[in-house]
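S.K.: Sequences are here, hints too, so could you generate the full structure?
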Amino acid sequence: MCLHSARTLRRSHPKITKKSKSVGVRNSSLLWAERPQTPVPAPVTLRRGPPIAEKIGQRQPGVDDYSWRRFHQGDMRVEKRLDLHGMVAQEAFVRLMEFMDVAAHRGLRCVEIITGLGTGQEGGILRRELPHWLERPEMRSRILGLAYPHVGNKGSVRVLLRRRKR
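Start counting the sequence shown at 1; every next residue gets the next number (full-length UniProt numbering).
None of these hints come from the bench; they were simulated from the model. Don't take each hint at face value.
[To be verified] Label-pair restraints from in silico Cβ distances:
#1 Asp64 <-> Gln90: 36 to 44 Å
#2 Tyr148 <-> Pro61: 17 to 25 Å
#3 Pro61 <-> Ile125: 25 to 33 Å
#4 Gly118 <-> Asp65: 31 to 39 Å
#5 Val94 <-> Arg69: 31 to 39 Å
#6 Ile125 <-> Asp64: 34 to 42 Å
#7 Arg106 <-> Arg140: 17 to 25 Å
#8 Gly62 <-> Gln90: 13 to 21 Å
#9 Glu91 <-> Pro131: 17 to 25 Å
#10 Gly86 <-> Gly62: 18 to 26 Å
[Said to hold, decoys possible] Computed list of lysine to aspartate or glutamate pairs in DMTMM-like fashion (alpha-carbon distance at most 25 Å, straight line):
#11 Lys80 <-> Glu98
#12 Lys154 <-> Asp65
#13 Lys154 <-> Glu91
#14 Lys154 <-> Glu112
#15 Lys154 <-> Glu138
We treat Cβ as the ideally placed atom computed from N, Cα and C, and that holds for glycine.
M.R.: This is the structure:
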């Protein structure tokens, strides 16, 4: 049983031209040699390691015991907070980048980013995206550690920033 008529098949295949007959290819415009050559971008190499989402609450290299204990137990004062509630992902990303730039420029040590819990089983989009945003090279170089302020509430993350070099 034939599902296509001869008319349908003729339309679905490109016409064979004299040039393509001599090469033995149906559509000579698809030949590799005839395509415009575009430069291949160099691969981006990122510093590898465990994803930052898995490291929330774990001590990182470069943090002394006293600072980590104070930060992790919530004894370190939060110097500035960013509340991303009600923002769309793009707006939240831009605000986060600006916030982290200002925090680094002012030499802040401990900041808190509030995403909220979101709805559904997986939580909100901001809560899911925040670890990926913090994983970016320009952000990762500023961050010493991450911790949830409350064990049961993962709607906000505290960030321990590197001290600015003088």
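S.K.: All the hints need checking, so say for each whether the structure fits it.
M.R.: Hints and how they fare:
1. The supplied range of 36 to 44 Å is met by Asp64 and Gln90, whose beta-carbon atoms lie about 37 Å from each other.
2. Taking 17 to 25 Å as the suggested C-beta distance range, the pair Tyr148 and Pro61 conforms, at roughly 20 Å.
3. Between Pro61 and Ile125 the Cβ separation comes to about 31 Å, which falls inside the hinted range of 25 to 33 Å.
4. For Gly118 and Asp65, the Cβ-Cβ distance of about 34 Å falls inside the hinted range of 31 to 39 Å, so the restraint holds.
5. At about 34 Å, the CB distance of Val94 to Arg69 agrees with the hint of 31 to 39 Å.
6. Taken as a hint, the range 34 to 42 Å holds for the pair Ile125 and Asp64, whose Cβ atoms sit roughly 35 Å apart.
7. A beta carbon spacing of about 19 Å between Arg106 and Arg140 agrees with the range 17 to 25 Å that was offered as a hint.
8. With their beta carbons about 32 Å apart, Gly62 and Gln90 fall outside the hinted range of 13 to 21 Å.
9. Our hint of 17 to 25 Å for Glu91 and Pro131 holds, since their Cβ atoms are close to 18 Å apart.
10. Remark: the range hint 18 to 26 Å for Gly86 to Gly62 is contradicted by a beta-carbon distance near 35 Å.
11. Distance check on the hinted pair: Lys80 and Glu98 sit about 13 Å apart at the alpha-carbon level, within 25 Å; holds.
12. For the given pair, Lys154 sits about 24 Å from Asp65 by alpha-carbon distance, which is consistent with the 25 Å threshold.
13. Taking the CA atoms of Lys154 and Glu91, the gap is near 21 Å; set against the 25 Å cutoff, the hint holds.
14. Taking the CA atoms of Lys154 and Glu112, the gap is near 12 Å; set against the 25 Å cutoff, the hint holds.
15. Distance restraint check for Lys154 and Glu138: the Cα-Cα separation of roughly 24 Å lies within the 25 Å cut-off, and the hinted pair is therefore satisfied.
Violated hints for the displayed structure, listed by number in ascending order: 8 and 10.
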